[in-house]
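Engineer: Sequence:
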Amino acid sequence: MDLGELWEEHRSQIVTSVAAALVVALLASGSWWFFAGRWKAPPSIFDSPVDNVLGYFTTDDFNLLSVDERVKYVQQFIGRFRGMNQQDSVVASAFLAGVTGKVREQMTQNVRILAKDILIQGAATYVNLPAAERGAFIDKWVADWFRFAETTATGKESESTNQDIMTNARAEAKRGEERQRERMKGKSLTDKGADRFLGFWEKEVEPASSPREQAQISRFMDAVRTRMLTGQ
Numbered sequence: 002m003d004l005g006e007l008w009e010e011h012r013s014q015i016v017t018s019v020a021a022a023l024v025v026a027l028l029a030s031g032s033w034w035f036f037a038g039r040w041k042a043p044p045s046i047f048d049s050p051v052d053n054v055l056g057y058f059t060t061d062d063f064n065l066l067s068v069d070e071r072v073k074y075v076q077q078f079i080g081r082f083r084g085m086n087q088q089d090s091v092v093a094s095a096f097l098a099g100v101t102g103k104v105r106e107q108m109t110q111n112v113r114i115l116a117k118d119i120l121i122q123g124a125a126t127y128v129n130l131p132a133a134e135r136g137a138f139i140d141k142w143v144a145d146w147f148r149f150a151e152t153t154a155t156g157k158e159s160e161s162t163n164q165d166i167m168t169n170a171r172a173e174a175k176r177g178e179e180r181q182r183e184r185m186k187g188k189s190l191t192d193k194g195a196d197r198f199l200g201f202w203e204k205e206v207e208p209a210s211s212p213r214e215q216a217q218i219s220r221f222m223d224a225v226r227t228r229m230l231t232g233q
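The opening residue of the sequence shown carries number 2 in my numbering; numbering runs sequentially from there.
Quick caveat, the hints were computed from the structure, so don't treat them as lab data. Even glycine gets a Cβ: it sits at the ideal position worked out from N, Cα and C. Hints may be right or wrong, so weigh each one.
[To be verified] The calculated PhoX-like cross-link candidates involving lysine-lysine, where the alpha carbons are at most 25 Å apart (straight line), are:
hint	residue 1	residue 2
1	K73	K141
2	K141	K157
3	K175	K141
4	K157	K73
[As the list claims (entries may be wrong)] Cβ-Cβ distance ranges computed for the label pairs, FRET-style:
hint	residue 1	residue 2	range
5	T162	T231	15 to 23 Å
6	T227	D145	15 to 23 Å
7	E106	V128	25 to 33 Å
8	R220	V68	14 to 22 Å
9	A216	E134	20 to 28 Å
Generate coordinates for the entire structure from the input sequences, incorporating the hints supplied.
Structural biologist: Here's what the structure looks like:
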């Protein structure tokens, strides 16, 4: 596989992960960042060398940004992918090919922490709302993340309304539930929902979450799933 093919492979993985709306995949390198003795502000996405931008994703400093700042940084980073020139592509490919050991683990942990923080942010808002307002909040939360994913992947503002997004999302959720029903006959809907989420949860979010955060996220995701399937 040449560098161009390697770059396209990783680029596809990033867009796919963003489209999932909950887990934002960050591809990075630059182990020299680990030796910084002070917090570093994020480099400019469009004005900094691509290796600097990639390197920042592997630092603890990245996790000190707010959720909104990290999400915006990722969105702008992916936007740069679309307009990346050949020289930057070669540099990025070389970095990605060398992502190993501690650098890869830090990158993976940063992905987990961002995914966890996104879910915790939603869960914290959800539990503090009156019961009558929680359904509307879930609808907006899901629609906003689907819209973010579409805008990030295409570079164009989504023209879909919240209602359109939720109608399509609920239809897809029900189709997914039916497919799962066929694959897992004999199990309850609760069991199937848990099984479907378990792999993602155990592999990506749980390692970066405290017991209290795990409980908050589980409650919130159960409410989201129920809302998607039943509208309640």
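Engineer: Take the hints in turn and mark each one as holding or not.
Structural biologist: Verification of the hints:
| no. | hint | in the structure |
| --- | --- | --- |
| 1 | K73 <-> K141 | holds, 18 Å |
| 2 | K141 <-> K157 | holds, 20 Å |
| 3 | K175 <-> K141 | holds, 19 Å |
| 4 | K157 <-> K73 | holds, 15 Å |
| 5 | T162 <-> T231: 15 to 23 Å | holds, 21 Å |
| 6 | T227 <-> D145: 15 to 23 Å | holds, 19 Å |
| 7 | E106 <-> V128: 25 to 33 Å | holds, 32 Å |
| 8 | R220 <-> V68: 14 to 22 Å | holds, 19 Å |
| 9 | A216 <-> E134: 20 to 28 Å | holds, 21 Å |
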